[in-house]
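*Asks:* Just add 6 to wherever you are in the sequence shown, counting from 1, and you've got our numbering.
Where hints are given, some of them may not hold.
[Said to hold, decoys possible] Estimated spans, in silico, between C-beta atoms of each pair:
#, residue 1, residue 2, range
1, E106, K64, 39 to 49 angstroms
2, P136, G363, 14 to 24 angstroms
3, L273, G110, 33 to 43 angstroms
4, N366, D150, 14 to 24 angstroms
5, T71, G110, 13 to 23 angstroms
6, Q92, P66, 27 to 37 angstroms
7, E68, Y394, 36 to 46 angstroms
8, L221, G110, 20 to 30 angstroms
[Said to hold, decoys possible] PhoX-like, lysine-lysine: derived pairs with alpha carbons at most 20 angstroms apart:
#, residue 1, residue 2
9, K176, K113
10, K176, K239
11, K113, K202
The set of hints was computed from the structure by calculation and includes no laboratory data. Using N, Cα and C, we set each Cβ at its ideal position, and we do this for glycine too.
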Amino acid sequence: MKDYLKRRGYGILMGVILLLAAALIVAFCLPWGEEQSEGSVPTLESMSLPESSTEPQKPPFEPITVRLRAAGDNLIHSSIYNQARQRAGGNGYDFGYAYENIAGLIKGCDVATINQETVIAPIYEPSDYPLFNSPVELQQEMLDLGFTVFNQANNHVLDKGEKGLLSALKQWKTHPEALITGVYENEADYENIRVKEVQGLKFAFVGMTEMTNGLSLPEGSKVVILYTGEEEKIKARIEKARSLADVVVVNVHWGQEYIHTPNSGQLELAQKMADWGADLIVGHHPHVLQPIRWLDASDGRRVLCAYSLGNFISAQDKGARMIGGILDVTFTKETAESRPVISSAGLIPVITQYEGGFRNIRLYPWSDYTPELAATHGVRRYDAGFSYDFIQNTLDSVVGEEFLEA
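Construct the entire structure; sequences and hints are all you get.
*Replies:* Dropping the structure here:
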C-alpha cells in the first residue's frame, strides 16, 4: 500500500513538472507583451496572442441605380378593343398591334408604372365612353409589356360602380406581380402601402384622384378611394410610405382636361407632397402634356413633378391628345448611408396614330415618327392643324429642352 501511494505521489509530481515545463516553452516561443521588463519571465496572464489576419473585410459600397419609366392615360375606347377583337380572329382580344412599336421602351427599364384609365371588370362586357370597361386581355398585354405598377385612382374608376371596381380588384389579384394603387378593397387593404423592391432599393407607391365624375360609392361601402382633397390623409400616407421605403412615388389624377398649364390646385398640392416626403410626382387626367418641373422640398431635397403625361393611347379626336410621353427617371444611391436621388430625368414622347375612321390605332415613339405619318393621320379630319411640326412645337413649348429625349 505504501508503495502504491509513493508511486501515485511521484506520478502527480511528474505531471505538475511537465505542465510547468510546457508553459515555459510556450511562453518563450511567443512574443512578449510590451509591459514585460528585460530579463523577466512572461506569465500566461501577461502573454498576448497575435491578432487573427483572417477577419473578413467588408467590400466597398457600390452605387445602385434603378431606372423607372411612367406612362400616361391608358384610355381604351371601343375603337381600340374592337380592333383587338378583330385581330384575335374571334378568340378573345389581341392588343399586341396597338403597343408593339413601343414595347422595347417599357422592357428596357427596371420598374414601370401606368395610369390604367379604364377599369378591367370581367363581370361586365367591354364598354365605351362615358362608362368605360376593358377586356381582361388588356391586363395581360400591359403585364407582357413590362408594366407592374398600375394607378387605378382616376375619374373613371367608378364607371361600373362598386361591383365593377371590386371585380377589377379581384381580377388584379390573379396577377400578384402587379401592384394596384389609389383604390382599395377595405381599410386593411388601404393600410398596406404598396412597396416594390428593385435591385435592393424599396419603392413605395401612392395613388389618388381629384374626382370620380360625380359617381360615388354606396353608403356603408368598405372600399377606400384616396382623394386629393383629403390632405391630412395624403400627408400621413406619404410620411408612412417614406418610413417604409427608400423612394416614394405618387401618381395623382388632377387638373383640367385639355389644358397644357397646371392650375393653382396642382401647383399647391405638388409642393405640399414634396414637403411631406414624395420623391417623384406623376400627374394624369388632362389628356395632354403639361410641364415637368423640379420642386425644392422643405428638407432640401429636389423633387421631380410631371404635371401630366397626356394620353398613352386613346381614340380621341384632337391633335394635342395624340401626343403623350413616357417619363424616364434614374434613381441613384451613392453611399450606404444616403437615400437615393434622381440622377437623370427626361420625357420620351409617344404618338397615337390612326387612319381614317379611327382604323389601325397604334403607338409610335417620337424617334420613329415621320412627317408622312403625320400627314396621313386620321385626326386631321377633326383637327386640320395637326402636323409633324405641330407635334414638335408642342413638345418644345410644353416640355422644353431640359427634359425632352429623342
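*Asks:* Starting from the range 14 to 24 angstroms, see whether the pair N366 and D150 falls in it by beta-carbon distance.
*Replies:* Hint holds: Cβ distance 20 angstroms, inside 14 to 24 angstroms.
*Asks:* Regarding the pair K176 and K113, is the alpha-carbon distance no greater than 20 angstroms?
*Replies:* Cα-Cα ~26 angstroms, so violated.
*Asks:* Going straight from one Cα to the other, do K176 and K239 come out at no more than 20 angstroms?
*Replies:* violated, 25 angstroms
*Asks:* Does the hinted range 36 to 46 angstroms hold for E68 and Y394 at CB?
*Replies:* holds, 44 angstroms
*Asks:* Mind checking the hinted window 14 to 24 angstroms against the Cβ distance between P136 and G363?
*Replies:* holds, 21 angstroms
*Asks:* Is K113 close enough to K202, meaning Cα to Cα at most 20 angstroms?
*Replies:* holds, 17 angstroms
*Asks:* Assuming the hint says 20 to 30 angstroms, is it satisfied by the Cβ distance from L221 to G110 or not?
*Replies:* Once the Cβ atoms are compared, 37 angstroms apart, the range 20 to 30 angstroms for G110 and L221 is violated.
*Asks:* Holds or violated: the 27 to 37 angstroms window for the beta-carbon distance between Q92 and P66?
*Replies:* violated, 57 angstroms
*Asks:* Evaluate the given range 13 to 23 angstroms for the C-beta pair formed by T71 and G110.
*Replies:* With a Cβ separation near 19 angstroms, T71 and G110 satisfy 13 to 23 angstroms, so the hint holds.
*Asks:* Verify the CB-CB distance for L273 and G110 against the hinted window 33 to 43 angstroms.
*Replies:* For G110 against L273, whose Cβ atoms are near 35 angstroms apart, the range 33 to 43 angstroms holds.
*Asks:* Looking only at beta-carbon atoms, does the pair E106, K64 fall within the given range of 39 to 49 angstroms?
*Replies:* Between E106 and K64, where Cβ atoms are some 47 angstroms apart, the hint holds.
Consistency note: the structure conflicts with the earlier hints numbered 6, 8, 9 and 10.
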